[in-house]
Amino acid sequence: NAGVTQTPKFQVLKTGQSMTLQCAQDMNHNSMYWYRQDPGMGLRLIYYSASEGTTDKGEVPNGYNVSRLNKREFSLRLESAAPSQTSVYFCASSSGGTSGANVLTFGAGSRLTVL
Amino acid sequence: DAKTTQPTSMDCAEGRAANLPCNHSTISGNEYVYWYRQIHSQGPQYIIHGLKNNETNEMASLIITEDRKSSTLILPHATLRDTAVYYCIVRVLYNQGGKLIFGQGTELSVKP
Chain A
1 NAGVTQTPKF QVLKTGQSMT LQCAQDMNHN SMYWYRQDPG MGLRLIYYSA SEGTTDKGEV
61 PNGYNVSRLN KREFSLRLES AAPSQTSVYF CASSSGGTSG ANVLTFGAGS RLTVL
Chain B
116 DAKTTQPTSM DCAEGRAANL PCNHSTISGN EYVYWYRQIH SQGPQYIIHG LKNNETNEMA
176 SLIITEDRKS STLILPHATL RDTAVYYCIV RVLYNQGGKL IFGQGTELSV KP
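Protein sequence lines, in the order shown, are assigned to chains A and B.
Here the working numbering is used: position 21 in the first sequence is 21, and no number is missing along the way.
Here the working numbering is used: position 56 in the second sequence is 171, and no number is missing along the way.
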């Protein structure tokens, strides 16, 4: 089982460049999430998609856009990258719903450096 | 949103039980307590969750106080591979998908 797959694993950008982080899950999960983690800090929620066709802002959405392409895929786009967006980005998915079994499965992370 | 408070760091001797506390005094009646851990920059890994009863699985035990204002994650026989940052999270319910807000976590160091 692949679980949650993120691409690319590493990326270096120049300030002002754009790029898209891709995320795909094969667990038939309804909900998907994008988090970022800065050095020595916990994870912060950027955007999430509770179900196919919906997206909502998290704690730190500024500078990002997302697309829930289909049930499997949830992409994160940086339109004009800034050094402050240097971080490790994690995608996650969960079955969704309001039961306690709404456990998140995380990908391995994408390390982004903006020069 | 209910918030959690955890110690920044803890040490534990290998083979001993690791008891990680978490305070969540503003938790609502329908909010669950989740524990995740993150080993050296890998993606976080789910450990256990509970509502009000104590829970146990192959990884850990979760003890929730009767008033639900605090909980303790217990790793019964800690190994060096349990060295990680442990996150206690109270789940925020929103529409169909409950988003998780992570705090700073507790950095657990298991020492030989």
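Some hints here could point you the wrong way.
[What the hints assert, rightly or not] Think about it this way: if two alpha-carbon atoms lie no more than 25 Å apart in a straight line, the pair counts; the simulated SDA-like pairs of lysine to any residue are:
1) B/Lys167 x B/Asn145
2) B/Lys184 x B/Pro122
3) B/Lys226 x B/Lys184
4) B/Lys167 x A/Gly96
5) A/Lys9 x B/Thr141
6) A/Lys57 x B/Gln160
7) B/Lys184 x A/Lys14
8) B/Lys118 x A/Leu78
9) B/Lys118 x A/Asn70
10) A/Lys57 x B/Gln219
11) A/Lys57 x A/Asn70
12) A/Lys9 x B/Ile154
13) A/Lys14 x A/Lys71
14) B/Lys118 x A/Val60
15) B/Lys226 x B/Ala132
16) A/Lys9 x B/His164
17) A/Lys9 x B/Asn145
18) A/Lys9 x B/Lys184
19) B/Lys226 x B/Cys127
20) B/Lys118 x A/Gly40
21) A/Lys71 x B/Ile216
22) A/Lys57 x B/Thr141
23) A/Lys9 x B/His155
24) B/Lys118 x A/Lys71
25) B/Lys167 x B/Ser143
26) B/Lys118 x A/Lys9
27) B/Lys118 x A/Gly96
28) A/Lys57 x B/Tyr161
29) A/Lys57 x A/Thr86
30) B/Lys118 x A/Thr55
31) B/Lys167 x A/Thr105
32) B/Lys226 x A/Lys14
33) B/Lys118 x A/Thr105
34) A/Lys57 x B/Pro122
35) A/Lys14 x A/Leu78
36) B/Lys226 x A/Gly42
37) A/Lys71 x B/Gln160
38) B/Lys226 x A/Ser95
39) A/Lys57 x B/Ala132
40) B/Lys118 x B/His192
Rather than coming from a laboratory, the hints here were simulated on the basis of the structure.
Going down the list of hints, with the structure as the test:
1. For the hint linking B/Lys167 to B/Asn145, the alpha-carbon distance of about 10 Å falls within 25 Å, and the restraint holds.
2. Only pairs whose Cα atoms come within 25 Å are accepted, and B/Lys184 paired with B/Pro122 is accepted, the gap being roughly 16 Å.
3. Of the pairs offered as hints, the one joining B/Lys226 and B/Lys184 is violated, with about 30 Å between alpha carbons and a cut-off of 25 Å exceeded.
4. Restraint check for B/Lys167 and A/Gly96: the C-alpha separation of about 21 Å stays at or below 25 Å, so the hint holds.
5. Restraint check for A/Lys9 and B/Thr141: the C-alpha separation of about 38 Å exceeds 25 Å, so the hint is violated.
6. Only pairs whose Cα atoms come within 25 Å are accepted, and A/Lys57 paired with B/Gln160 is accepted, the gap being roughly 23 Å.
7. Distance check on the hinted pair: B/Lys184 and A/Lys14 sit about 46 Å apart at the alpha-carbon level, beyond 25 Å; violated.
8. Between B/Lys118 and A/Leu78 the CA atoms are separated by roughly 29 Å; this puts the pair beyond 25 Å, and the hint is violated.
9. At most 25 Å may separate the alpha-carbon atoms for a hinted pair to count; B/Lys118 and A/Asn70 exceed this at roughly 32 Å.
10. The hinted pair formed by A/Lys57 and B/Gln219 meets the criterion: a straight-line CA distance of about 21 Å does not exceed 25 Å.
11. Of the supplied pair hints, the one linking A/Lys57 and A/Asn70 holds, its CA atoms being roughly 18 Å apart against a limit of 25 Å.
12. Simply put, A/Lys9 and B/Ile154 have alpha-carbon atoms about 17 Å apart, close enough for the 25 Å limit, and the pair holds.
13. For the hint pairing A/Lys14 with A/Lys71, the CA-to-CA distance comes to about 32 Å; that exceeds 25 Å, so the pair is violated.
14. The suggested pairing of B/Lys118 with A/Val60 holds, with an alpha-carbon distance near 17 Å, which does not exceed 25 Å.
15. For the proposed pair B/Lys226 and B/Ala132, the alpha carbon gap of about 12 Å is at most 25 Å, so the pair holds.
16. Restraint check: the Cα-Cα separation between A/Lys9 and B/His164 comes to about 30 Å, which exceeds 25 Å; the hinted pair is violated.
17. Simply put, A/Lys9 and B/Asn145 have alpha-carbon atoms about 37 Å apart, too far for the 25 Å limit, and the pair is violated.
18. For the hint pairing A/Lys9 with B/Lys184, the CA-to-CA distance comes to about 39 Å; that exceeds 25 Å, so the pair is violated.
19. Straight-line distance between C-alpha atoms of B/Lys226 and B/Cys127 comes to about 6 Å, which keeps the hinted pair within the 25 Å bound.
20. Distance restraint check for B/Lys118 and A/Gly40: the Cα-Cα separation of roughly 20 Å lies within the 25 Å cut-off, and the hinted pair is therefore satisfied.
21. About 23 Å separates the Cα atoms of A/Lys71 and B/Ile216, which keeps this hinted pair within 25 Å; it holds.
22. A hinted pair counts as satisfied when its Cα atoms are at most 25 Å apart, and A/Lys57 with B/Thr141 qualifies at roughly 23 Å.
23. About 16 Å separates the Cα atoms of A/Lys9 and B/His155, which keeps this hinted pair within 25 Å; it holds.
24. Note on B/Lys118 and A/Lys71: the hinted pairing is violated, with a Cα-Cα distance of about 30 Å set against a maximum of 25 Å.
25. Straight-line distance between C-alpha atoms of B/Lys167 and B/Ser143 comes to about 11 Å, which keeps the hinted pair within the 25 Å bound.
26. With a C-alpha separation of about 31 Å, the suggested pairing of B/Lys118 with A/Lys9 is violated against the 25 Å cut-off.
27. For the hint pairing B/Lys118 with A/Gly96, the CA-to-CA distance comes to about 21 Å; that is within 25 Å, so the pair holds.
28. A distance of roughly 23 Å separates the Cα atoms of A/Lys57 and B/Tyr161; the hinted pair therefore holds under the 25 Å criterion.
29. For the suggested pair A/Lys57 and A/Thr86, the alpha carbons sit about 19 Å apart, so the restraint of at most 25 Å is met.
30. Note on B/Lys118 and A/Thr55: the hinted pairing holds, with a Cα-Cα distance of about 24 Å set against a maximum of 25 Å.
31. For a cut-off of 25 Å, the pair hint linking B/Lys167 to A/Thr105 stands: about 23 Å separates their Cα positions.
32. The suggested pairing of B/Lys226 with A/Lys14 is violated, with an alpha-carbon distance near 41 Å, which exceeds 25 Å.
33. Restraint check for B/Lys118 and A/Thr105: the C-alpha separation of about 22 Å stays at or below 25 Å, so the hint holds.
34. Straight-line distance between C-alpha atoms of A/Lys57 and B/Pro122 comes to about 29 Å, which puts the hinted pair past the 25 Å bound.
35. As the CA atoms of A/Lys14 and A/Leu78 are separated by approximately 12 Å, the hinted pair is consistent with the 25 Å bound.
36. At roughly 23 Å between alpha-carbon atoms, B/Lys226 and A/Gly42 fall within 25 Å of each other, so this suggested pair holds.
37. For a cut-off of 25 Å, the pair hint linking A/Lys71 to B/Gln160 stands: about 22 Å separates their Cα positions.
38. Proposed proximity of B/Lys226 and A/Ser95 is contradicted: the alpha carbons are some 36 Å apart, above 25 Å.
39. A C-alpha spacing of about 39 Å is found between A/Lys57 and B/Ala132, which places the hinted pair above 25 Å, so the restraint is violated.
40. For a cut-off of 25 Å, the pair hint linking B/Lys118 to B/His192 is broken: about 29 Å separates their Cα positions.
Checked against the numbered hints listed earlier, the structure breaks hints 3, 5, 7, 8, 9, 13, 16, 17, 18, 24, 26, 32, 34, 38, 39, 40; every other hint is satisfied.
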